[in-house]
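> Letter by letter, the chains look like this.
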Amino acid sequence: MLDLDKIIDDVKKCNHVPENDILELCLLVQEILIEEPNIQLIDTPITVCGDIHGQLHDLLTLFSIAKYPPETKYLFLGDFVDRGFYSLETFLLLLCYKIRYPDRVFLIRGNHESRQITTVYGFYDECLRKYGSANVWRYCCEVFDYLALGAYITNGSSGGDGGVFCVHGGLSPDITSIDQIKYIDRKQEVPHEGSMCDLLWSDPEENIPAWAVSPRGAGFLFGQNETERFCYKNNLNLIARAHQLVMEGYKEVFDGSLVTVWSAPNYCYRCGNIAACLTIDDDYNRTYQVFESDDSSMVVQSKILPNDYFL
Amino acid sequence: MNARKDKVIRSTDVDALSSRYFAVKKDYIDDPYMDIMVDGLKELLPFTSNINFSISRNLKSAFETPKLPAINRGTYIRTKSIDLVVEQFLRKFKEEPEVQVVSIGAGSDTRPFKFLSLYSNLKYFEYDFVESVKIKKAIILRNKELSSIVKFQNLNDVEKDFSNYQEFLRYDENLFTPNYNLCPIDLRLLGDKYNINSLQNLNPNIPTLILGECVLCYMEPADANQVIKFFHDNLNKSSILLYEPIGGDDNFGNVMVKNLSSRGISLPNLMHYNTLEKQFERFTKELKIENLQIADMNFVLNNWIDGDELNRINHLEFLDEVEEIVLMNKHYCLILAQWGDLNFKPIQKFQLVHE
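Top to bottom, those sequences are chains A and B. Per UniProt numbering, residue 1 is the first one in the first sequence, and the count goes up by one each step. Per UniProt numbering, residue 1 is the first one in the second sequence, and the count goes up by one each step.
No wet-lab data here; the hints were simulated from the structure. In this text, a Cβ means the ideal position worked out from N, Cα and C, and glycines have one as well. The reader is advised that the hints may include incorrect statements.
Stated by the list, open to error - Which residues of chain A face chain B? A few of them, derived with a C-beta cut under 10 angstroms, are: (1) Asp82; (2) Asn111; (3) Arg115; (4) Glu206; (5) Asn207; (6) Leu245; (7) Val246; (8) Phe310; (9) Leu311.
Said to hold, decoys possible - To spell it out: a stretch of chain A is covered by chain B in this simulated footprint if at least three of its residues, at any positions, have a beta carbon under 8 angstroms from a beta carbon of chain B; those stretches are: (10) 116-125; (11) 264-270.
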């Protein structure tokens with residue numbers, strides 16, 4: 001039987017977790033995730049977090065500021081892994097909390113929860129380095145395929161204010177109503193195009209008249225018109241998403257109808273940015289908590305930084 | 001002058017070369033001399049120290065760990081933009097009997113070979129630490145193609161290279177050919193230990209372009225300004241092109257200082273001249289050089305590279321680091337200053353211009 005408390009404790013200290021325990025953990029969480037719809041329905045109040053990217057120590061800082069689960073209910077908008085040095089520990093910690101408090105911790109998929117992207121941006125290499133084989137990476141990738149694509153946050157009142165739509169990236173030209181997302185067969189590697197890809201890859205852009213090509217090579221850029229149309233049609237008061245580094249930790253655009261939340265402070269131990277999480281209360285009021293990186297962890301890590309500057 | 005610190009600064013040449021190496025591998029830039037330089041460095045650098053184990057290991061990892069797409073793109077715009085300015089300079093003065101390019105802190109740069117094979121009136125000068133100069137000289141002399149580009153004729157039967165630490169110590173440190181001059185100069189001593197006559201073969205009266213890529217940033221502001229002032233005082237028709245990091249007014253620069261200090265690299269200029277405006281005042285007010293153009297690398301990328309080329313670059317590899325590269329590019333800049341009767345007007349636009 002899996003000793004969750006011990007694993008949580010080990011993961012927080014970055015101690016080695018046996019490969020078999022990880023397999024068991026991944027299978028357990030799949031059983032929970034498979035029951036969840038593509039768009040999870042979550043009641044307020046909730047704290048929404050953006051990209052974490054393997055910055056375990058900063059995730060612990062976030063928990064110590066916004067309170068550990070189950071005291072606070074959390075929605076993580078994806079990109080748990082890659083770039084940081086503790087992708088595996090970060091992901092395992094979130095999985096442990098998901099298993100322990102399935103109704104207090106919600107995880108949706110980011111564009112980095114993908115086999116292809118993790119082989120370029122660090123998670124694959126990290127697993128190989130820590131376990132000598134790709135098994136652990138493979139178990140985690142199986143979990144990725146079960147993650148939901150978005151969430152709908154509601155205070156339970158009918159009509160009136162409307163709820164909050166949450167997704168990692170943004171909107172898709174193929175999707176006009178949230179209901180359409182329910183029909184996507186999500187249990188697959190993130191495709192290179194189509195609505196599932198767009199939800200995980202798209203970005204809002206100010207001052208564009210219509211859908212535009214994204215410089216990322218996947219997803220689209222969408223403007224205020226597309227956002228307002230989607231909010232009106234789906235009776236939303238806010239779209240909350242992550243995916244883009246914002247130096248102040250969060251950024252509202254389009255007259256407050258869309259917010260980007262970013263939860264990895266000093267991203268890649270280099271960007272010098274602040275991080276934030278967003279709490280939405282029963283009246284849909286938004287409260288942002290901002291936090292900075294723990295300096296002491298950065299100095300240790302920077303010794304093994306690759307060439308991240310132009311010298 | 002601290003020997004250990006100097007060694008760390010020399011090691012940044014491996015960073016720059018390995019970045020260009022992977023940018024070439026990924027087809028961002030074309031460089032027919034890259035492999036010669038990398039193979040030569042791998043073989044010869046370990047002989048520059050009597051403890052060569054860690055050098056070999058660091059070198060191996062530098063050329064085996066591919067760079068992330070954001071670094072490749074930054075390396076592309078750095079290399080490409082400098083090439084564009086050099087090309088225009090050489091084209092403008094191609095009818096002159098002679099024209100000079102002086103590269104300070106040249107390291108393993110392959111630019112001299114590219115431009116010397118294209119412009120017969122060009123004289124190229126490269127200055128760097130003595131260890132870097134010896135390695136580069138040996139790489140050139142053992143290679144037929146490079147020797148022929150720099151018109152090297154082994155008249156006095158000089159030693160071509162070295163194969164251990166003792167030979168390295170004895171190896172002659174200068175290379176003077178009809179079109180190429182490679183010598184060890186400690187830039188911090190320009191105007192002090194060295195006067196203009198110490199820079200052999202340099203003609204102060206013909207069009208000259210000085211290049212400095214991430215070199216002045218490692219010096220104290222006073223030393224860095226002394227280097228610029230030395231050339232300003234001694235060359236009569238000259239221009240200087242610098243590629244430098246700038247700390248910015250966000251937290252990026254402070255983090256950069258902290259990160260690089262863990263490698264022993266200090267960047268005294270980064271926060272001192274942390275914005276384009278401060279760099280601007282540095283030249284116009286402190287150095288009294290009026291003719292000046294400055295742009296950050298985002299501006300350069302968006303304004304200097306045409307649509308087709310940009311499209312080509314965007315399709316070379318998948319890039320997820322869109323915001324990061326904008327952030328990085330914002331913290332690097334190109335500075336083009338000139339004086340004397342040069343009248344060099346590149347067609348590329350800059351952000352801040354003063355004439």
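> Hints first: check each against the structure and report whether it holds.
Hint by hint, here is what the structure shows:
Interface hint at Asp82/A: satisfied, since its Cβ lies 9 angstroms from the closest Cβ of chain B, which is below the 10 angstroms cut-off. Taking 10 angstroms as the C-beta contact cut-off toward chain B, the hint placing Asn111/A at the interface holds, the least distance being around 7 angstroms. Hint on Arg115/A is violated. Least Cβ distance to chain B is approximately 13 angstroms, over the 10 angstroms limit. For Glu206/A, the shortest C-beta to C-beta distance to chain B is roughly 14 angstroms, which exceeds 10 angstroms, and the interface hint is violated.
About 15 angstroms separates the beta-carbon of Asn207/A from the nearest beta-carbon of chain B, more than 10 angstroms, and the hint is not met. At about 4 angstroms, the closest approach between the beta carbon of Leu245/A and any beta carbon in chain B falls short of 10 angstroms, and the interface hint on this residue holds. At a threshold of 10 angstroms, the smallest CB-CB gap from Val246/A to chain B is about 8 angstroms, leaving the interface hint in force. With its C-beta approaching chain B no nearer than about 5 angstroms, Phe310/A sits inside the 10 angstroms limit, and its interface hint holds.
Hint on Leu311/A holds. Least Cβ distance to chain B is approximately 4 angstroms, under the 10 angstroms limit. Only residues whose C-beta sits within less than 8 angstroms of a C-beta in chain B count toward coverage, and the region 116-125 of chain A has 3 of them, enough to reach three; the restraint holds. For the region 264-270 of chain A, the stated coverage by chain B holds: 5 residues have a C-beta nearer than 8 angstroms to a C-beta of that chain, and at least 3 were required.
Hint compliance for this structure: hints 3, 4 and 5 are broken, all remaining hints hold.
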